[in-house]
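Visitor: With the hints as extra help, turn the sequences into a complete structure.
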Amino acid sequence: MANARDKNYEFVRREDAPILPPPATEAGITGWLWQNIFVSMADYTSIGAGIRSLLMAILSALILYFGGTQIYALIDFTIFSAVFSDPEGIKREACWTVDQGGVLPSGWHGACWPFVVAKQKFLLYGAYPAEDLWRVNLTGLVGLVGMVWVMIEQLPYRREVGAAMLSLYPLMAFILLTGGNSDAEFSNIGIWLVIGLAIISAGRLGKRGFLGPTFAEFATLIGFTGWVFLIFNAVRGVAAVDFGLEPIDTRDWGGLLITLVVAITGIVASLPLGIILALGRRSEMPVARLLSTIFIEFWRGIPLITVLFMASVMLPLFMPEGVNFDNLLRALIGVMLFSAAYMAEVIRGGLQAIDKGQYEGAQAMGLSYWQTMRLVILPQALTHVIPGIVNTFIGLFKDTTLVSIVGIFDLLGAAQSTIADPSWSSHVQALSVYVYVALLFFVFCFGMSRYSIYMENKLSKSRSH
Amino acid sequence: MKKLSLIVAGVAALAAASVAQAGTLEDVRAKGFVQCGVSQGLPGFSNPDDQGNWAGIDVDLCRAVAAAVFGDANAVKYTPLSAKQRFTALSSGEIDILSRNTTWTMTRDTQLGLNFAGVNYYDGQGMMVPTALGVNSATELDGANICTNTGTTTELNITDYFRANGMSFNLVAFEKADEVVAAYDAGRCDVYTTDRSGLAAQRTKLTNPDDHKVLPEIISKEPLGPVVRQGDDQWFNIVRWSLNAMINAEEMGITSANINKLTYNDKTPAEARFIGTEGKFGEELGLANDWAYKIISQVGNYAESYDRNVGPNTPLKLDRGVNALWSQGGILYAAPIR
Amino acid sequence: MSRPSSLIYDRQARSLVFQVLLILALVFGAWWLGSNTLVNLAAQGKTLGFGFLTQTSGFQINATLGTWLMEYNVGSSTYLDVYVIGIINTFLVAALGIIGATILGFTMGIMRLSKNFVIRSFATVYVEVLRNIPLLLQLFFWYFAVLRSLPNRRGQIEIFEGAAGINITGLYLPAPLPQDGAGIVGVAFIVFVIAAFWIGSWAKKRQYETGQRFPAFWAGVAIIFFGTALVYFVMGQPIDWSFPVFKDTGPLLRRGFQIGNGMAIIPEFIAVWLALTLYTAAFIAEIVRAGILAIAKGQTEASYSLGIRPGTTLRLVIIPQALRVIIPPLTSQYLNLTKNSSLAVAIAYPELVSIFAGTALNQVGKEIEMIGMMMIVYLTFSLLTAAFMNWFNARVKLVER
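Chains as they are written, first to last, in my numbering: chain A, 256 to 720; chain B, -5 to 332; chain C, 3 to 403.
Just so you know, these hints were derived from the structure itself, not from any lab. Keep in mind it's a predicted model, so treat the numbers as computed, not measured. Even glycine gets a Cβ: it sits at the ideal position worked out from N, Cα and C. Wrong hints could be hidden among the right ones.
[Claimed, not checked] In silico DSSO-like links for lysine-lysine, alpha-carbon gap of 27 angstroms or less:
hint: 1; chain 1: A; residue 1: K376; chain 2: B; residue 2: K71
hint: 2; chain 1: B; residue 1: K274; chain 2: B; residue 2: K255
hint: 3; chain 1: C; residue 1: K249; chain 2: B; residue 2: K207
hint: 4; chain 1: C; residue 1: K206; chain 2: A; residue 2: K713
[As the list claims (entries may be wrong)] Covered by chain A, per the in silico footprint, the following chain B stretches (three or more residues, Cβ under 8 angstroms):
hint: 5; region: 64 to 76
hint: 6; region: 231 to 239
hint: 7; region: 317 to 328
Guide: Here you go:
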């Protein structure tokens, strides 16, 4: 039978239709603009839709105008109108308008960067002695390298680096930052070390069942306490060694250094307490559950500022006569207890997400409660809640600014105190340093929140198959 | 909770518990420096500079004590304290001296377990207004908005003053001095009230300091001075006499520039007692006999400290006024060293 | 084996021993802290007790809702009044902050999901910037930077000619002055609100039974508005209005808004409210977005295929389901906002921490009692919010099948 093509019908096409470009509304810049902006304001088929489209158009225009002017104002303040240098060293007059006796035009409004540069050291390190800044920088550098190492998955020895970051690094940071050489007696530390060892061996013996079954149940807990003793006193021992570093009082610390120290110590120190509280809240023992719940809800129910007031005004009253904490340590204790409560809730979320089969499986294997937790449940639960922990950390990092109210010069506190310097006083003094500090905080927090989102995606991917 | 108390106890051990006994001097000697409580930043009195070094007349007093005890004015560490924290910090032993523009009042002297060792600045509460307001006396301020900072007797004084004069007002009380200045500068208030020295210090932070004036009324007596714990007379005496030495030096014309000449030149008996070549005044205090010499050579006399920190050539531009020596029309009067 | 060892093998006995130990440790810890405190207080010559609450306070407090309600008067009001004023002012800013943050947060959260790029990216930038900068810094910004750009005390920006204006000393609005019979108008208003709700539930019930719809929302609004207006006029307009008075002549000190006319909202309140609202709204926006995204896409598609419009879909299908996901984190945001209101201490808004644990504490020096009293307030706020939210959560949950 003859093919239709051969018949030469007029309505049969003989060559391919030309390849047309996609419609303007679907591709390219115009397509993108149409899809993302104009389509929502182009429907005038009915009165209702027309009104909606019109409102959308007006709203978009308003937002564009408002957002645009705000962003321009920020850029203008920080770059176009800003004063960048003070070559003559005239300090505040470099940022004065003609009305005030300076050279800038009347009505000028821009950032006074020479002021921020002059205060840079104070904003970052506080009153830390200039010749010892390398110690802070070294600590920061090692911390940064270690953290990045742990975060990048392609690198080898991540587990080992991570372990070192959690064990050796804090010790190194402590000694570098404070100078070590504390006045603790070595003999005293020795006694405590022996006690720690004794507790650990008691725990060991107990585990083997030498001391009766009741003891076996608590052996892990006792062993853990022993390790805490041992590690704690070993740290004290190392801290008491004279490394030839100039001791630097925490009163001289300040700025970003304090912000980072408070936030990082707060979060790391609150992790163990948070785990114990979370386990306590899910415990079958009513007393443990009740106490954990009360503890958590108490700290979560009060504002951090009252915690800090309490730490700075009431803690000295609670301690035996003559026992003093340094101002920073007091704030750290407050921050630690406060964030432990939040941490406990985050971890509890992780514990709840663990399938019941995991508990039952572990029990069927004959693992004890502490073994189940240590080997099966917590590793899974903690991985689950990494994003939550990072978010808690971001919150804590921002809340660190509150320590400025109890007289510790953190980043914001340092910024506030630079504003008090009359030799730089001008009408843009406060705003300049606020913008700078806001930028620093934004970079840190935004970066961490991206990491948290990345981890969340990664975890949800790995969970789904 | 068990863990908690364990951790707290452990941390307490780490905090290198220093036991505060009656012997503050021994404590201070043992640790090698004087722990001095200062303000969180008040120019002229105690304020950190660009490098974070503390300066001011309150700071100089601590330096004088360190010079007397150690012969080294730099053997001082500073604890910035808010108004709220200051007395707790002293009574808990966290600091050895509180030198933080603190007003000597009866309540504080008798009820807090503290002692005032003297007066290093006679102050009084004043008020600052913009010149453009056309106000010449505080009695014209009916209905005014007033800015001040919390945590002091300032709020009580201003409230008393306005009530006594039957005037209404609105009080805006901030936590920190810097915030008060910013709010006043922005025009939130018509009046800024605090100690007159504070007004002079904060005035330098205003956009146009010359557009503001301090009203003549002084509505309170504010003798500011160093504070120590009650019950340690030796330490109390050291602080009191360090201050007296600075005032006496000014009266005797001894300055950091000329004191070295005294050591070999002819000297009056009073000068000889002062620099410790005659008598054993230092030993009586538990110090070296050249204690006053160390103070003046390293810190200077009261006039030097005043001129350096708050005097007419500083941004504060404060005249000596009542803080001049008794022999020069003021009320500064120190007991003699003999 | 003897009986003691059988006790040892008993799991319950073991856990009992552990719990008793825990309680002993707790009691010991409390005793230790308590005895230390007593020793330290004795050393400072202080005693415990609440006698100070009846002492009169000697300082002025910035005029706010609290001072107005408590009729605060230096020399006759006590520290207890100061405490109550602090609570009222905290509650005021927290309540208004929660309302503002909820509205703005839901708006921003929905805007982040808009198809319109401008709207979407505006919401994204808003959320990311506000969320990542500390609240205290934002508070300083609003108070110190924005405050400076307002006219000073002798000038104003008129919002309504003669009725409302703003300058650096605050926002001035007309104030209602209730006369005789105003109470009846108030009662009538409440009755009409209840009536409106009743109409709403009646309309719902009728729609379920007969399928007929009734414009209950507009009917309710009309009843509340016209009903109250009717009673108001029948009672002979029992509410007078006090308008702010602005003088721009005479001696300089007397110019500006006159005290005692109209209602003044102090700038400290505005700054705290603004900062709390904007900051918390950024978090709420994220919660709302996550809540909506958690609803399966099929729900939207099913709703569209039933011919339900996008707005109605959002309101009737998506949000009711999303609320279940949103409520728990929303609760903690409300609590955070309430707690964060304590930052007002930094800018002189006379709330609890500022006037009671700040100024009053400095005068009285009863740290333990006063900080304890302050904590009780926050803990009560927390418990009340949590209780309300649990109740609400339970209600929303009933919808689930």
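Visitor: Decide, hint by hint, whether the structure agrees.
Guide: Here is what the structure says about each hint:
Proposed proximity of A:K376 and B:K71 is supported: the alpha carbons are some 20 angstroms apart, at most 27 angstroms. Between B:K274 and B:K255 the alpha-carbon distance is near 21 angstroms, which keeps this suggested pair within the 27 angstroms criterion. Annotation: proposed proximity of C:K249 to B:K207 holds, straight-line Cα distance about 25 angstroms (limit 27 angstroms). Distance check on the hinted pair: C:K206 and A:K713 sit about 45 angstroms apart at the alpha-carbon level, beyond 27 angstroms; violated.
For the region 64 to 76 of chain B, the proposed coverage by chain A is satisfied: 6 residues have a C-beta within less than 8 angstroms of a C-beta in that chain, meeting the threshold of three. Counting residues of the region 231 to 239 of chain B whose CB lies closer than 8 angstroms to any CB of chain A gives 0, which falls below the minimum of 3, so the coverage claim is violated. Given as covered by chain A, the region 317 to 328 of chain B fails the check, having 0 residues with a CB less than 8 angstroms from a CB of that chain where 3 are the minimum.
Consistency with the previously given hints fails for numbers 4, 6, 7, ordered from lowest to highest.
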